[in-house]
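Let the sequences and hints guide you as you build the complete structure.
Protein sequences appear in the order of chains W and S.
Note that the numbering used here has the first sequence beginning at 1, numbered continuously upward.
Note that the numbering used here has the second sequence beginning at 1, numbered continuously upward.
To be clear, the hints were calculated from the coordinates, so they are not data collected in a lab.
The beta-carbon is built from N, C-alpha and C at its ideal position, and this holds for glycine as well.
Hints should not be assumed to be uniformly reliable.
Chain S is faced by these chain W residues, among others (derived, beta-carbon under 10 Å) [said to hold, decoys possible]:
no., residue
1, Leu129
2, Tyr393
3, Ile399
4, Ala411
5, Ala422
6, Leu426
7, Asp435
8, Gly470
9, Ser474
Below, in silico cross-link-like pairs of lysine to aspartate or glutamate (DMTMM-like), each with a Cα-Cα straight-line distance of 25 Å or less [said to hold, decoys possible]:
no., chain 1, residue 1, chain 2, residue 2
10, W, Lys367, S, Asp110
11, S, Lys167, W, Asp361
12, S, Lys167, W, Asp436
13, S, Lys109, W, Asp435
14, S, Lys109, W, Glu443
15, W, Lys367, S, Asp28
16, W, Lys367, W, Asp435
17, S, Lys167, W, Glu443
18, S, Lys503, W, Asp406
19, S, Lys167, W, Asp435
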Amino acid sequence: MNFEIPNFLPAVPEMFVLGMACLILVIDAFLPDSRRDVTYGLVQATLVAAAGLTLWMMGPETVLTFSDTFVKDPMADILKVAVYVTSFLVFLYSRPYLMERGIHKGEFYVLGLFAVLGMMIMISGHNLLTLYLGLELLSLSSYALVAFWRDNSRATEAAMKYFVLGALASGLLLYGMSMIYGMTGSLDIAVIAAELVAADESLNIPLVFGLVFLVVAIAFKLGAVPFHMWVPDVYDGAPTAVTLFIATAPKIAAFAFLMRLLVEGMGPLHADWQGMLIILAVLSLAVGNVIAIAQTSIKRMLAYSTIAHIGFLFMGILAGTDSGYASAMFYVIVYAITAAGGFGMIVFLSRKGYEADQIDDFKGLAKRNPWFAFIMLLLLFSMAGVPPTVGFYAKLAVIQAAVGADLVWLAIVAVIFSIIGAFYYLRVVKMMFFDDPQEGAEEPVQPSGALATALSINGLAVLLLGIFPGLLLSLTHYAIIG
Amino acid sequence: MFADWPILSLLIWLPILGGFLVLAAGRDAPHVARRLGLAVAVATFVASLPLWFAFERGTADMQFQELASWIPAFNVNYHLGVDGISMPLILLTTLITVVVVIAAWESVKDRIAYYMAAMLVMEGLMIGMFASMDAVLFYVFFEAMLIPMFLVIGIWGGPRRVYATIKFFLYTFLGSVFMLVALIWMYIQSGSFLIQDFHALQIGLTAQILIFLAFFMAFAVKIPMFPVHTWLPDAHVEAPTGGSVILAAIMLKIGGYGFLRFSLPITPDASAVLDTMMIVLSLIAIVYIGLVALIQSDMKKLIAYSSIAHMGFVTLGFFLAFYIYSNTGDWEGASLGIAGGMVQMISHGFISAAMFLAVGVLYDRLHSRQIADYGGVVNTMPWFAAFFVLFAMANTGLPGTSGFVGEFMVILAAFKADFWIAFLAATTLILAAGYTLWLVKRVIFGAVANENVAGLSDMNRREFFLMGVLAFFTLLLGVWPAPLLDVMNATIDHLVAHIAQSKL
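Structure follows, in structure tokens:
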């Protein structure tokens with residue numbers, strides 16, 4: 001058996017993050033509780049440095065390494081940077097929330113960093129096993145994050161639910177993967193794709209059988225209807241800082257996971273998975289948008305809104321064209337930025353002993369702090385897809401992909417549900433601008449330093465990317481089409 | 001000399017950036033907000049005048065064009081330009097915004113800086129919409145203006161403002177998203193979002209009908225046509241005076257503009273097939289909504305319904321074209337109808353603005369819009385009564401006022417199409433006279449109704465100025481419409497020549 005030293009270079013950001021995560025874990029163990037900011041600073045510095053490394057190594061070519069189990073291509077680079085940026089924002093927003101509740105512990109950041117590592121591996125996985133390992137690293141860190149506020153019973157319940165359903169989804173995924181392996185004899189994404197092209201007609205049924213399990217597992221992880229039951233409960237039960245985390249960056253990784261598995265691996269079966277994704281997309285759009293109207297908790301409302309956004313994401317992918325994949329990539333990045341801002345606003349409004357997780361808590365925000373009411377307005381209109389915010393271009397791109405794939409009816413279904421969706425976003429705008437503050441909450445909101453600045457930048461980014469959407473759109477096109 | 005200047009960009013961004021400046025500088029200083037707001041509005045108006053004077057008559061080409069790459073991935077460009085249809089509407093927008101800003105001087109007391117900013121931003125967005133040559137750019141402006149209007153109605157509106165503003169937003173959003181799908185479909189076919197490329201696109205009849213219906217959803221809601229008009233009375237009644245003026249004078253015109261820019265030239269065959277539906281809906285708006293206006297007890301609601309009836313004339317003028325052609329075999333009458341509709345749009349911009357301002361003048365004094373609360377106003381406010389009667393007459397279409405010109409042209413065109421269409425359209429003259437003059441009788445004339453009315457003071461200089469300006473334009477357009485028609489003729493002839501060619 002000859003052993004050759006693999007090319008480590010493409011995986012330098014992953015190795016760096018892994019090394020730093022282990023190092024910070026050790027350092028944190030020796031820090032007194034009052035010095036947790038050191039951990040925070042180190043984690044943020046790690047993200048910045050990893051972003052620097054990824055950007056520095058960015059290149060147009062596709063590089064495979066570790067016996068072709070790991071891939072570095074423009075899509076991976078851009079998605080990783082998006083993951084760093086959203087995670088950076090999330091940690092920044094989370095810090096004051098955790099401090100006020102006395103749970104400002106090192107575990108949060110270290111687990112977060114391991115989750116980031118999991119996402120990076122998902123993004124760069126080129127083998128069913130690598131993809132699975134990345135997903136599990138992310139999932140296990142997420143379960144622990146949801147549960148880490150130990151004396152909060154709702155968070156514990158949410159973690160339980162998340163863990164059981166997540167484990168079920170992992171099982172389905174492995175089962176599907178084993179079917180595919182059985183039929184094609186390989187775990188390598190590229191080999192699977194080649195085998196599928198050459199596959200005999202008679203293999204079609206077992207292959208589609210395996211494919212169903214893969215799609216179901218992905219739908220579970222992304223929270224697409226009818227596999228969405230855990231999403232509102234977990235988003236609602238988890239501490240807002242954790243909700244903020246699991247609602248944003250992992251979606252970017254899940255998009256990459258979907259791309260690697262379905263598009264690059266199962267691409268030849270496009271006709272088969274397209275139909276499955278259409279069903280998931282329509283159901284997600286319908287259930288997400290309609291049920292969100294009935295919510296009184298803003299966390300649950302945003303959870304259902306996420307489900308609806310996943311429907312839009314699927315629309316881009318199921319079109320099966322390069323511009324469709326690019327539009328879905330644009331959509332997921334835009335979603336992550338907007339959702340980070342949206343959940344960030346909940347953190348911003350909450351304070352010690354008060355969660356601000358009801359929609360009513362946003363009443364009269366325009367009187368309490370007009371600037372942040374404006375920021376929230378931008379974020380909400382972006383989620384609703386109203387120009388000139390960036391959310392509009394995301395919807396434009398995926399609708400264009402659907403129309404381009406001769407699925408005009410799907411585009412019409414999507415826009416009808418986005419009108420229904422506009423209502424619940426508008427309702428929050430209405431409460432912020434037209435209603436008076438609730439009793440006992442009339443005093444102006446005092447923004448605290450870094451959180452306020454970051455949130456303002458986040459909100460304005462949604463507007464600026466909307467006025468100049470060309471760059472980000474070109475980037476996603478470059479990542480997919482080249 | 002102005003042809004190479006980026007006047008259109010200036011007209012779009014000056015009010016938008018000016019609006020944010022007003023917000024920044026005037027948040028805690030209402031006086032600064034008012035003066036700065038007025039300065040920006042006047043500057044924008046002055047900057048729009050070169051459009052009128054340097055506009056080259058006699059050509060249908062897009063003028064004052066500006067082109068910059070915007071979203072290369074989708075071949076979307078920042079492409080501006082005006083022709084004889086959009087240019088007058090832009091001037092109307094800049095003029096009406098000045099009026100609205102002055103009208104808010106005293107009557108808006110709460111958060112004046114936000115109000116001024118919203119109005120100015122809206123102005124920039126509306127101008128951008130009229131000046132867009134790119135469909136995505138058009139759509140962005142078209143949708144974006146919903147946001148400030150949503151806030152204006154919701155914050156400064158009347159008691160049922162929240163209901164009205166959400167209804168307004170969802171109705172218009174509902175209409176426009178279908179248009180978005182149609183635009184994207186045409187982009188897939190033509191590879192470009194340039195509206196003129198859409199004009200040249202050959203489309204089959206089934207697709208044309210679907211596209212026509214998508215546009216119809218967007219523009220019929222805006223203009224609004226029966227049966228999707230129900231948001232308008234609610235929005236008008238609850239909106240503050242300035243909001244009502246912008247809605248009636250400009251936003252409704254967007255629907256008419258859309259029909260001319262998109263529906264007719266892109267889907268001429270579908271328009272020909274569906275013209276009976278459009279004419280019937282227009283006639284329903286004219287006759288039925290006219291009857292509905294008769295029984296209103298709220299002044300604003302009455303004027304809102306009157307607006308719908310008058311807009312019925314606009315759509316009637318536009319869609320008569322095919323009917324006239326199949327009857328007479330020539331396209332001459334078609335131009336007449338479309339030009340009539342355009343004149344009616346501009347004229348209604350002045351008249352409806354004046355009518356809503358007049359109601360605003362009364363509302364500021366007595367805080368009531370109910371007709372029953374007034375009576376004999378002429379005794380205490382003679383100047384106001386004089387203006388009110390003038391605009392009422394213009395609203396009924398009295399010769400010598402701008403209201404007459406458009407209606408006359410459309411009825412004339414209707415005669416070429418079919419006697420009964422003309423007959424029904426002409427009933428509006430009677431109905432409009434009925435509801436408007438009855439309104440005048442109940443509010444202005446008669447004995448002083450109660451002690452509130454007895455205590456009214458006449459218009460101040462500011463209100464007098466506004467009314468005077470609008471009266472001037474109403475009369476000018478009434479006695480001398482030729483300059484406006486000169487500007488539009490070439491574009492309308494070009495449009496008619498274009499729709500005369502079947503795309504099948």
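Here is what the structure says about each hint:
At its closest, the beta carbon of Leu129/W sits 35 Å from a beta carbon of chain S; the interface hint therefore is violated under the 10 Å criterion. Satisfaction of the interface hint for Tyr393/W is found here, the shortest Cβ-Cβ separation to chain S being roughly 7 Å, below the 10 Å cut-off. At about 6 Å, the closest approach between the beta carbon of Ile399/W and any beta carbon in chain S falls short of 10 Å, and the interface hint on this residue holds. Contact between Ala411/W and chain S, as hinted, is supported at the beta carbon level, the nearest pair being about 5 Å apart and thus within 10 Å.
Interface restraint check for Ala422/W: the shortest CB-CB distance to chain S comes to about 6 Å, inside 10 Å, so the restraint holds. Here the hint on Leu426/W is kept, as its CB sits about 6 Å from the closest CB of chain S, short of 10 Å. The interface hint given for Asp435/W holds, since its Cβ lies 8 Å from the closest Cβ of chain S, which is under the 10 Å cut-off. The criterion of a C-beta within 10 Å of any C-beta in chain S is met by Gly470/W, whose closest approach is roughly 4 Å, and the hint holds.
The interface hint given for Ser474/W is met, as the beta carbon of that residue sits about 5 Å from the closest beta carbon of chain S, less than 10 Å. The suggested pairing of Lys367/W with Asp110/S holds, with an alpha-carbon distance near 12 Å, which does not exceed 25 Å. With a C-alpha separation of about 24 Å, the suggested pair Lys167/S and Asp361/W falls inside the 25 Å cut-off, and the hint holds. For the suggested pair Lys167/S and Asp436/W, the alpha carbons sit about 21 Å apart, so the restraint of at most 25 Å is met.
Distance restraint check for Lys109/S and Asp435/W: the Cα-Cα separation of roughly 18 Å lies within the 25 Å cut-off, and the hinted pair is therefore satisfied. A C-alpha spacing of about 22 Å is found between Lys109/S and Glu443/W, which places the hinted pair at or below 25 Å, so the restraint holds. At most 25 Å may separate the alpha-carbon atoms for a hinted pair to count; Lys367/W and Asp28/S meet this at roughly 13 Å. Of the supplied pair hints, the one linking Lys367/W and Asp435/W holds, its CA atoms being roughly 9 Å apart against a limit of 25 Å.
With a CA separation close to 31 Å, the supplied pair Lys167/S and Glu443/W exceeds the 25 Å bound. Under the criterion of a C-alpha separation no larger than 25 Å, the hint pairing Lys503/S with Asp406/W is consistent with the structure, at around 22 Å. A hinted pair counts as satisfied when its Cα atoms are at most 25 Å apart, and Lys167/S with Asp435/W qualifies at roughly 17 Å.
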